[in-house]
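**Student:** Take the given structure of chain A and dock chain B to it, following the hints.
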Amino acid sequence: MMEESKKRKELEENQKEDENKRIKQKELNKQKEPNKLIKPSKLIEPSKQIEPNKQINQNKRRSEDKKSQSYVFASACIMGLGQILYKQYIKGILYFLLFLGFLFYFIFYGIDAIQGIVTLGTQKADTWLGIKGDNSILLLIMGILAFILIVLFLCCYINNIKDVKRTTLRIKQGKKPLTFREEVAQLLDKKFYLSVLFLPILGVSIFNIVPIVFMIFIAFTNYGGNIVPPELVDWVGLQNFKKLVTLSQFAPTFFRILLWNLLWAVVSTAINYFGGLFLALLLNKKCVKGKAFWRAFPVLAYAIPGFITLLAFKFMFSYGGPINQMITGAGYKAIGFLDLDAKWTARIIGFGVNAWISIPTTMLLATGILSNMDETLSEAAKIDGAGPWKRFKKITFPFVLFSTTPVLITQFMGNFNNFGIFYFLRGGLYLEDYFLASDTDLLINWLYNLSIDNNYYNIGAAISLVIFLLTSIFSLLIYVRSHSYREEDTFQ
Amino acid sequence: MKKRGKQLLALLLCGVLFVGCGKSKGSKDNPTSTGSALFQGELERNVTIRVLENDTAIERGYFNELMNAFNEKYKEYGIVAVDANMDQYLDLANDGPYGYGPDILYQANDVLMKYVKGKHILPLPVESLDCYEQIPEVAWKAYQSEVDGKVYTCGVPVNVQATMLYYRKDMLPNDWDTTWDANKNSIPDMLENWSAMYRYSKEVHEADSKKYGYMVSLYDPYFSAGYLFSYGGYIFGQNNTDPKDIGLGAGDAYKGTMVLKQLARIMNEECIDDTIKRSAYTKLGDGTYFATVSTPDVYTTFLKELILTYEKDGLSNDEAKKKAEENLVITSLPKLPVNGDITQESNEFMETKSMGGINGYAISAYTNAPNACLAFVDFSTSYDMMMKRNEYLGIAPARNDAATAAGGLSAILYEKLASGNIVIMPSIQEVAQIWDPMNTFFSDLAKDAFRKEGEQKYITKESYQKGLDTVSKQINDAIFTLTTKE
Chain A
1 MMEESKKRKE
11 LEENQKEDEN
21 KRIKQKELNK
31 QKEPNKLIKP
41 SKLIEPSKQI
51 EPNKQINQNK
61 RRSEDKKSQS
71 YVFASACIMG
81 LGQILYKQYI
91 KGILYFLLFL
101 GFLFYFIFYG
111 IDAIQGIVTL
121 GTQKADTWLG
131 IKGDNSILLL
141 IMGILAFILI
151 VLFLCCYINN
161 IKDVKRTTLR
171 IKQGKKPLTF
181 REEVAQLLDK
191 KFYLSVLFLP
201 ILGVSIFNIV
211 PIVFMIFIAF
221 TNYGGNIVPP
231 ELVDWVGLQN
241 FKKLVTLSQF
251 APTFFRILLW
261 NLLWAVVSTA
271 INYFGGLFLA
281 LLLNKKCVKG
291 KAFWRAFPVL
301 AYAIPGFITL
311 LAFKFMFSYG
321 GPINQMITGA
331 GYKAIGFLDL
341 DAKWTARIIG
351 FGVNAWISIP
361 TTMLLATGIL
371 SNMDETLSEA
381 AKIDGAGPWK
391 RFKKITFPFV
401 LFSTTPVLIT
411 QFMGNFNNFG
421 IFYFLRGGLY
431 LEDYFLASDT
441 DLLINWLYNL
451 SIDNNYYNIG
461 AAISLVIFLL
471 TSIFSLLIYV
481 RSHSYREEDT
491 FQ
Chain B
493 MKKRGKQLLA
503 LLLCGVLFVG
513 CGKSKGSKDN
523 PTSTGSALFQ
533 GELERNVTIR
543 VLENDTAIER
553 GYFNELMNAF
563 NEKYKEYGIV
573 AVDANMDQYL
583 DLANDGPYGY
593 GPDILYQAND
603 VLMKYVKGKH
613 ILPLPVESLD
623 CYEQIPEVAW
633 KAYQSEVDGK
643 VYTCGVPVNV
653 QATMLYYRKD
663 MLPNDWDTTW
673 DANKNSIPDM
683 LENWSAMYRY
693 SKEVHEADSK
703 KYGYMVSLYD
713 PYFSAGYLFS
723 YGGYIFGQNN
733 TDPKDIGLGA
743 GDAYKGTMVL
753 KQLARIMNEE
763 CIDDTIKRSA
773 YTKLGDGTYF
783 ATVSTPDVYT
793 TFLKELILTY
803 EKDGLSNDEA
813 KKKAEENLVI
823 TSLPKLPVNG
833 DITQESNEFM
843 ETKSMGGING
853 YAISAYTNAP
863 NACLAFVDFS
873 TSYDMMMKRN
883 EYLGIAPARN
893 DAATAAGGLS
903 AILYEKLASG
913 NIVIMPSIQE
923 VAQIWDPMNT
933 FFSDLAKDAF
943 RKEGEQKYIT
953 KESYQKGLDT
963 VSKQINDAIF
973 TLTTKE
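From first to last, the protein sequence lines are chains A and B.
Note that my numbering numbers the first sequence so that position 97 is 97, with each residue one more than the last.
One gets my numbering by counting positions in the second sequence from 1 and adding 492 to each.
Do not take every clue at face value.
Chain B is faced by these chain A residues, among others (derived, beta-carbon under 8 angstroms) [to be verified]: (1) 128; (2) 230; (3) 247; (4) 344; (5) 433.
Rather than coming from a laboratory, the hints here were simulated on the basis of the structure.
All residues carry an ideal CB built from backbone N, CA and C; glycine is no exception.
The following block holds chain A by itself, in its conformation from the complex (with noise of 0.2 angstroms):
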């Protein structure tokens, strides 16, 4: 107990000595920071005779910001305002042609469009009364075109402000402003990629958005079976994906066919990815004669229209078709490859006209990754006794894998989304246990049936916007886990 009480008597005296030590150590820095803090304009305070001149400035600068704040608000009321009155006219006057174009376009034409979107039409056109009416599907696409145009003019007004205060940075940095030859030269050197980028960006939003736009929205319409132009459509919130699960015919169509085209996506992906590092790796072994000539065959393949190919398959397999009447001519009864009893033969039909069809793709894609490999590599490992199937799996496969994880991710998306195969080998039949469809029909072919066949685009619509979702959501799981994303720099 002693020995403790002694302890603590120590530890506090060490504690009150190092307190004593940081007030002093306090103490001498106040003293030294005085000198520190004198700026330089408190030193010649004294010298009062330069107080005007300094007061003449402040306000001149004043009066200069004032001004630039004001060009910047002119710029905020009328766009290109600004750059006029910074004698900016050639721009000022684009920037205001656009002001005024768009002002043009949003009062005659855009909150027609913006309130077309929302109502759909209010009337029904009727030719033979000659009523001109409402097109409630022009409606849309110009409802979209216009909030397009909206998102671009809002970054032609941001820019047209920023431009401005850019301007009025340089007149304070005692520079002038840049004339309109100084600008575009930018455009064509420093902000090339401006210029570049442009057109694509507008085409890309016309194109691309506008359609994908279109779609998503139609898959909120009761856009189809009868209530097409000039009848009006409306919109139907979430009822059309509702229909996809709820409806007793519906559902389980839909479940059937979403679990087979997994299981087509999954399995002819892998069958044309290994089928074709099978054929490259096989063409790349040194003992293979006239491999130019032995690779020409799968080329000749890729080379032939997929739809052509497709075509020449069906008869084939037809009844009619020369396999047929080979059977047929050895005395047995004739197969039906892909009629409507044949589910998993013209499923596996379909796997292999897939695999004809696609693997030339990946074995020329396989072949030039090959040529990169590094064979040291693989003689090292085989110096060190690893077998064929070893060095396969741990140095070939790795390295191909590496390169063409995002064409295996495109491959799987196109497989899951192949329209063709079944369109063309087993279309028009609808069986009993599915709804519009038949038993190797893809969620692409059904969503085919119901929009073109049967006219029911915002059903169609739903399924595009699921199969999207699916798609995206399992492609892009499988990308980030990749090793092309996470080592994207890494060159193997």
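**Tutor:** Just chain B now, kept in the frame of chain A:
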């Protein structure tokens, strides 16, 4: 002052542009009168009318002849008819409102009449046309539709299409007049009734396993639906106008499916899919088949194949042509036994009905010259032009006088149409949803003939009826399940 001047100039510019670019809002809502009221009889002057004609009519020069004759007659008005130069299968509903469609369309009744619901084609004052009295009521009905409680005629019938029997006269048994003419009417029995055709086909195949008597793609509803119609079946109720009433299994239609399955037994598996549709021309030509069915417009294709066969046999082109024309015969379909069993001898027969279509003209609701268009339709359906059409294209005119004057096949088809043995394809838009379910059913029925004993689906009357009910339900589902109520 300078600055203010600039600001004023900017505002002025803005104002000028606003004023200069304004549009008259009233123009959109100003209705112009169109519709049948537009047919005032006064021809529009100096107008060009775009006519969408049948591809074959263009290829064989008939359309050129028609346009020249019309343009000559109406040159004083400055009316010029030109080839619309558009895809034969364009969609007026999508193209017309934007000014891309033709002014006049020539199509089958089911294609044209689907445009009525959206009022994309005009109701016509057909009573004023030269052909009105000559065309039978059944043909006009194919172009009639009820809109807002009134019946309108929206097209003018030009020619009749229906399935006909093609056969090789030189493949008849040499002694057919003694062995295959039970009623001694100098018509071979196999061309008179399906029971004899069944027996003869069996005989042909048994004699040579590579040859067949009657062969057709049973998969195709256009050829197979007629068997159902013959026994009381129909597609839509109320003369094919009520899509809520689907009657493929009505009456004794199951007997028609029995006949189809029995027919499949005398064919090979090719009848299950559409292979025969492509190969029938060659196989009838080379003698693999004795008979098949098709529409009259493909007569020349059959003839060409037969000429080729004869040429291969060593005949000169002229000789081959003459012999082919003599031996390739196109006639009406054999009769069906009332009991629906062609495998047994029968004494009671009835007419076989077939599905048909009536091609005709319609006028787009988006035309600027409806009266000039009506004049063109009137001109092209006149007796002279119908006869010329028959001469160039071999079609069967819908006009009585032209059909009678043309004689032969045209007269047969006209008679069958007038007597109701050609069932015209429905003219409502829901007809688009009947084909795939019917394809599947007929394919299944044909396949059933080749399934093993225990695996066959269609054996009893009930099973046939169930099959027909299923296909009717599928069509109903296709039409109504996803329909949004208006």
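**Student:** If a hint holds in the structure, say so; if it doesn't, say that too.
**Tutor:** Tested hints:
Checking residue 128 of chain A against chain B: minimum C-beta separation of about 4 angstroms stays under 8 angstroms; hint holds. Taken as an interface hint, residue 230 of chain A checks out: its beta carbon lies about 5 angstroms from the nearest beta carbon of chain B, inside 8 angstroms. The criterion of a C-beta within 8 angstroms of any C-beta in chain B is met by residue 247 of chain A, whose closest approach is roughly 7 angstroms, and the hint holds. The restraint placing residue 344 of chain A at the interface with chain B is violated, with a minimum CB-CB distance near 16 angstroms, outside the 8 angstroms limit.
With a cut of 8 angstroms, the hint placing residue 433 of chain A at the interface with chain B is violated, because the nearest CB-to-CB distance is about 11 angstroms.
Consistency note: the structure conflicts with the earlier hints numbered 4 and 5.
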